[in-house]
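With chain W's structure known, arrange chain A on it following the hints.
Going down the list, the protein sequences come from chains W and A. Be aware that the first sequence starts at 2, since it is given in the numbering used here, and climbs by one per residue. Be aware that the second sequence starts at 24, since it is given in the numbering used here, and climbs by one per residue.
Take the hints with a grain of salt, since some may be wrong.
To be verified - Negatives, chain W to chain A, calculated, CB over 10 Å:
id, residue
1, ASP23
2, PRO49
3, ALA81
4, THR128
5, PRO129
What the hints assert, rightly or not - Cβ-Cβ distance ranges computed for the label pairs, FRET-style:
id, chain 1, residue 1, chain 2, residue 2, range
6, A, LYS187, W, GLN43, 36 to 42 Å
7, W, ALA81, A, LEU228, 40 to 46 Å
8, A, PRO377, W, GLU124, 32 to 38 Å
By construction, these hints were calculated from the structure, which means they are not laboratory data. Computed from a predicted model, the values in this text were never measured in an experiment. From the three backbone atoms N, C-alpha and C, an ideal C-beta is built for every residue, glycine too.
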Amino acid sequence: MIRLTHPFRVLIVEDEALLAMDIEALVEDAGHKVVGEAASVQELEALPLSAQPDLAFVDLQLAMGTNGLDAARLIHERWARAAVIFVTANPKKIPEDFAGAHGVIPKPFSRAGLTSALRYIEEGLTTPPPTSPLPASFIASPAFAASWEE
Amino acid sequence: MDQRDNWHLTDIIEHETGRGDPFAAAVRATRMPMIITDPRQDDNPIIFCNEAFQKLTGYDREEIIGTNCRFLQGPDTDREKVAEVRRAVEAGTDVAVDLLNYRKDGSTFWNALYVSPVRNKEGEIEFFFASQLDVSDRVEAQEAIARQKAEVEREVEARTVDLKAALDDKTLLLHEVDHRVKNNLTMIGSLLRLQARGISDPSILARLDAMLERIDALASVHRRLYQSDDVTRFDAGGFAVNLANDVVASSGRNEIAVESDVVPLDIASTNASALGLVLNEIVTNAVKHGFADGRAGTLTVTAQRDANRGTISVADDGPGFDPAVTSSDGLGSVLIRRLSRQIGADVTWAAAEPGTRVTIDFAMEQGAEVLAQAEGKS
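Chain W on its own, in the form it takes in the complex (with noise of 0.2 Å):
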């Protein structure tokens, strides 16, 4: 697989703005760069490929009658290597196999929470496997336990 190094380029779909903001700051706090934001599958279609994430964090329900499903098939198609977090009140409405995401962090969240999950996440894609214990705050989906074993 592929590892990433610190700092992420991190996308963030999230159609309440206070959240988003939220997100954004607590990302750039660890130290990553936010190259985009979207709404919704619309507004995320219209990122360019250029934007080019490492990370995305997606909202289960988006604007315009979208959701997180479809953004993280759209995220995977145009940046393959991208790896999705799904953020959400309703982690029951993921499917088994996370429709291809890393994980899922439940909302609320907490600070700590977040950042406890991110850098887990880090350890995940840089260094696997991660040296830090599982978060509460963070499920992992069985695809990115099992890309620690290769």
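Just chain A, lined up with the frame of chain W:
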């Protein structure tokens, strides 16, 4: 004269009741319709019928004698039942069935037919004896009951469908409310975090952080309530462990271990948020003061039940009892005092040697809780 011909004889001979063959006379005079058939003749014809049989069917004797019984059948007679009789006759066994039969005038009646073979000394079948009983009333009553039963079942099914739809609506609504509560809690958290960004004063930042922790505690209460099977009850024991783990994880203090020994303590869910906030103050206090300056150690959470009282205690292994921490200043202390009073709990601080143990003690009696709530509302 052999026995076979006796029947013909009694049928032909005119005699008064009480004279001649008494058995034949009894059969002729009984109110139960009866016939005798001769299986040795072609098509097993009727060779004797009594008067009751003529009355039941409306046919004259001349029309009956010499014919097979099937003349009583009609369009709605159950063919399977007829076949059952035929099989029994062929096998030489007796049989009892309810058959729909037709009178001469075309009207129908339910015939409780009983057919049995009559054997001679050698065991050979010489006759079949059949008795009939008009059981129309019984069969119709059974049919009416069956119709009513089917009707009731249809109604029950219709109501079950309605109830299921109502339940589905309720479940959908509950999911929607849960989703909105979570989204609102997330947004409140985001708002406070965004507000905190421009602030450099550490004492204000600390207060904002404390508010965020309280909101996280409420979110934990909501999560636990929503995930439980019974939204009216809340396991305070299990929650205390969850909360301690959440608070320690949120603090990013990996050097603090959480140990627990709890039993389930079900309380009314109306008290869950208040108890959640009290526990949050106690646990965050312990993390801040019991493990100050990055000190590593163990936070111990226990929950016990003794008769009608529940006890939750949170103990650190830090420097010990510090009166400053438990002074009545600050929102944290006020919250502990007022909210514990609201739910009828006593909170006490004690030296744990080492460290400090805070104990919440409250009544578990369900009746008392319900009563207290009812009084509170009136």
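Exercise for the section: Given the hint of 32 to 38 Å, check if A/PRO377 and W/GLU124 actually sit that far apart at their C-beta atoms. Expected result: holds (35 Å)
Problem - Separation of W/ALA81 from chain A, once the least beta-carbon distance is taken, above 10 Å - result: Per Cβ check, W/ALA81 is outside 10 Å of chain A; nearest 30 Å; holds.
Practice task
With 10 Å as the threshold, tell me whether W/THR128 passes as away from chain A on beta-carbon distances.
Solution key: holds (18 Å)
Practice task
Using the beta carbons of W/ALA81 and A/LEU228, state whether their distance is inside 40 to 46 Å or not.
Solution key: holds (41 Å)
Exercise for the section: Take the C-beta atom of A/LYS187 and the C-beta atom of W/GLN43, compute their distance, and say whether it sits inside 36 to 42 Å. Expected result: holds (38 Å)
Practice task
Measuring Cβ to Cβ, find out whether W/PRO129 lies farther than 10 Å from everything in chain A.
Solution key: holds (20 Å)
Handout entry: W/ASP23 and chain A, when compared Cβ to Cβ, separated by more than 10 Å
Key = At roughly 4 Å from the nearest Cβ of chain A, W/ASP23 sits no farther out than 10 Å, so the non-interface label is violated.
Handout entry: Distance rule for W/PRO49, whose beta carbon must clear each one in chain A by more than 10 Å
Key = holds (27 Å)
Hint compliance for this structure: hint 1 is the single one not met.
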